[in-house]
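*Asks:* Residue numbers (my numbering), protein chains in the order written: chain B, 1 to 112; chain Y, 1001 to 1115.
Rather than coming from a laboratory, the hints here were simulated on the basis of the structure. The structure presented is a predicted model; accordingly, all values stated were derived computationally and were not measured. Hints may be right or wrong, so weigh each one.
Unchecked claim - Computed, partial: chain B to chain Y, Cβ under 10 Å:
| hint | residue |
| --- | --- |
| 1 | Pro43 |
| 2 | Gly103 |
| 3 | Gly105 |
Glycine included, each C-beta is placed from N, C-alpha and C at the ideal position.
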Amino acid sequence: TQLLEQSPQFLSIQEGENLTVYCNSSSVFSSLQWYRQEPGEGPVLLVTVVTGGEVKKLKRLTFQFGDARKDSSLHITAAQPGDTGLYLCAGADGGATNKLIFGTGTLLAVQP
Amino acid sequence: DTGVSQDPRHKITKRGQNVTFRCDPISEHNRLYWYRQTLGQGPEFLTYFQNEAQLEKSRLLSDRFSAERPKGSFSTLEIQRTEQGDSAMYLCASSFRGQGRDTQYFGPGTRLTVL
Chain B
1 TQLLEQSPQF
11 LSIQEGENLT
21 VYCNSSSVFS
31 SLQWYRQEPG
41 EGPVLLVTVV
51 TGGEVKKLKR
61 LTFQFGDARK
71 DSSLHITAAQ
81 PGDTGLYLCA
91 GADGGATNKL
101 IFGTGTLLAV
111 QP
Chain Y
1001 DTGVSQDPRH
1011 KITKRGQNVT
1021 FRCDPISEHN
1031 RLYWYRQTLG
1041 QGPEFLTYFQ
1051 NEAQLEKSRL
1061 LSDRFSAERP
1071 KGSFSTLEIQ
1081 RTEQGDSAMY
1091 LCASSFRGQG
1101 RDTQYFGPGT
1111 RLTVL
């Protein structure tokens, strides 16, 4: 069974601080996606990483896919209150269905 | 393109009633997924359609659940004889199987509360 563990589960920081969220598994994924979810809404795609070692930047967000494609990290620089939300990593199983295996999420609160 | 849409956004029902949810995927997306998310958890896969064919069902999908995707366009998820344990957010996602990364895009979800 493929599992994804995210850490930390909760994070409360002040505006302007930096943070890193980790997503780890013992399984290899064909790709990994990061989503952000607001209360009562569906997950919104932030990025997809495919190649081992890949690094992608989205403004103040930096995403990295591990060399072995088993883990990933999300780094936010100078967090802002608008970054508040639930961050979910999801690995694609790469089979015919290509369904997503989600982590439990990291709930981020950025205080002004 | 308006993205994935779901209807209704919220549904409150009494235990034992039947409910049906609808998902309209991004046009020309041939893959459609249903997931369920309970409070404090990430979404869990329920079922998958490629065009009109339902190709995979999770063990989470009991006999009370049925999903269809007639003509390979919109999809419906029906829950019969609802139970309190069915209370959750039901999410639909679509993607295009072809060249590229096959990224899934999610709808806003339907929040089901069973009293």
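*Asks:* Okay, which hints does this one fail, numbers in order?
*Replies:* Of the numbered hints given earlier, the structure breaks none, since each of them holds.
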